[in-house]
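With the hints as extra help, turn the sequences into a complete structure.
Here are the chains, one letter per residue:
Number of protein chains: 2
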Amino acid sequence: MKIRIAKNSGFCFGVKRAIKMAEDASKKYDEIVTLGSIIHNPQMVKKLEQQGIHKVNSLSEIKGRPTIIRSHGVEKNTFNKLLEQNIEIVDTTCPYVSKTQEYTQLLGKAGYQVIILGDKNHPEVIALQSYSDGNTIVVKDASELPDKKFDKVGVISQTTRNIEDLQNLTRELLPRCRELRIMNTICNATSIRQKATLELAKESDLMIVIGGRNSSNTKMLAKISGKYIKTHHIEVAEEIDKKWFKNVENIGITAGASTPDWIIVEVYNKIIEYLGNHEKKISKIEDIPGLRSKDER
Amino acid sequence: MKIRIAKNSGFCFGVKRAIKMAEDASKKYDEIVTLGSIIHNPQMVKKLEQQGIHKVNSLSEIKGRPTIIRSHGVEKNTFNKLLEQNIEIVDTTCPYVSKTQEYTQLLGKAGYQVIILGDKNHPEVIALQSYSDGNTIVVKDASELPDKKFDKVGVISQTTRNIEDLQNLTRELLPRCRELRIMNTICNATSIRQKATLELAKESDLMIVIGGRNSSNTKMLAKISGKYIKTHHIEVAEEIDKKWFKNVENIGITAGASTPDWIIVEVYNKIIEYLGNHEKKISKIEDIPGLRSKDER
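The listed protein sequences derive, respectively, from chains X and F.
Here the first sequence is numbered in the numbering used here, starting from 28 and rising by one per residue.
Here the second sequence is numbered in the numbering used here, starting from 28 and rising by one per residue.
One should not assume that every hint holds.
Which copy? The list can't say, so a pair holds if one copy fits it or any two copies do.
Dumping the calculated EDC-like pairs for lysine to aspartate or glutamate here, alpha-carbon to alpha-carbon at most 16 Å [as the list claims (entries may be wrong)]:
| id | residue 1 | residue 2 |
| --- | --- | --- |
| 1 | Lys307 | Glu293 |
| 2 | Lys307 | Glu58 |
| 3 | Lys179 | Glu206 |
| 4 | Lys126 | Glu206 |
| 5 | Lys297 | Asp314 |
| 6 | Lys126 | Asp178 |
| 7 | Lys103 | Asp268 |
| 8 | Lys257 | Glu226 |
| 9 | Lys311 | Glu293 |
Since the hints were made in silico from the structure, they are not lab data.
Have a look at this one:
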């Protein structure tokens, strides 16, 4: 029996940065709020709540308190309203997401029909849309494209999509437009994590994907892995069922960009416990076999 | 036994326009030359020669005579030299090719790594290259791409390539660059003709593709058809071998954009002759079954 973790599992640069900024800000201000979940991990959001970082869902709930902008970004209009109201802003928008917003604005202003590859209900995409001229089309894949021809099309991708979806969308669009300008805004960390997950899935009999059920990049990992092998998407160790491991030789673990280390460690230890073998429980993520170094995560 | 011709066979808009301009010019000037073959059809070039339109291969052979610029365009430098020498120019460059040259210049100036999908020995591509900043990569397909990453890539296609090659190139490039700006410069007439050829090939036992062996779009028709069914690429009726028609029920004919009607008619009549059946020889292309109207060619 072998348990391995995919390289590059867990917190990405943008999430690490957002959590650090939020924790630093919580020390500076008596009261602070986040507008929506700062990252898509309910357990981490709960932990921040315990540190006095309260989640609110609308502008009216802010009541003048310093406000953290979530890592996924917010709508342009919302940001401007905070500025107008002189609210103290801690902007944890991932710099890669900010870049994507800039590109959307650039394409919209240059007269392109902006098409966003993404989930139209995801906060990143909702914010993104607000940066074009409002004439944006959001599709989850090529099948959702309207049946028409275009002149100039500008394509933006939600940072957590996979490259194949972008390739398929491009393939469909190409014969239908004179000019196709694609900003490859898929985050490098996302594609590296997806690749590592795929590699591990191919060598495993079972995959455990850890991360928020509302996390786009985690869902994508589960989708990619699920194409190859039996895969369970869980948020916490308590969801694991002992029966999953019957007749299983190689267990693979991977985790989304917003999954904190402590949850990954708990999952590993729970598996060890259920397997009842003699491997030791661990206390830090670096001890899980598969990660060669901290840098590779 | 059924003989049918693919819709949209023969002369395209750009070729018709070039031949008309050349013939009009030959009436206006005592002596006139074309710099290279005006179109890629040796028989048509020979016919123009008989009308006093002489082909030369270099600037030094022009000797002050009015000069026709071929439908495929010429290098920017060559064009400028003709202007400097006050040579009378009849520019038959296909307007769609001129547009492609403009796009190449635009992308080069805007700092894109220009990648041309095309045949690097084809006059259209040689001319095209001269319009970027000289840092152009020409590939015949995705397999010829250099193994490296790019920042901003601008893609231009030779007008006679097929869309699938452009889609495959795009698929390969997408993960390798931050921005990919594709000008879909594949000529509409080319893609329509390719589609009609493919449709007829699927319903035929044998395909005859008529056109210059140096004609890129004709070679592409032969390639597309050849994937489905036995296909012969010929320039003239005399090349037809009676044996080809043994045990053949459905014969399809198609012709490249630079193939004149009279050659298509000769081919049809030669097939009729070899088959020895009772169908009548014809005198004009509209009488070949398959073309529903003149507009559809």
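To see whether the hints hold, each was checked on the structure:
1. Lys307 x Glu293: within (13 Å within a copy, 86 Å between copies)
2. Lys307 x Glu58: Neither way: Lys307 and Glu58 sit 42 Å apart in one copy and 94 Å across, limit 16 Å.
3. Lys179 x Glu206: Answer is both: 5 Å inside a copy and 15 Å across each meet the 16 Å cutoff.
4. Lys126 x Glu206: Classified as between: cross-chain Cα gap 12 Å, same-chain 22 Å, threshold 16 Å.
5. Lys297 x Asp314: Within one copy only: 15 Å inside a chain, 80 Å across chains, cut-off 16 Å.
6. Lys126 x Asp178: Answer is between: at 15 Å across copies they meet the 16 Å cutoff, but 25 Å inside does not.
7. Lys103 x Asp268: Intra 44 Å, inter 71 Å, cutoff 16 Å: neither.
8. Lys257 x Glu226: Result: close within a single copy only, 14 Å intra versus 43 Å inter.
9. Lys311 x Glu293: within (10 Å within a copy, 82 Å between copies)
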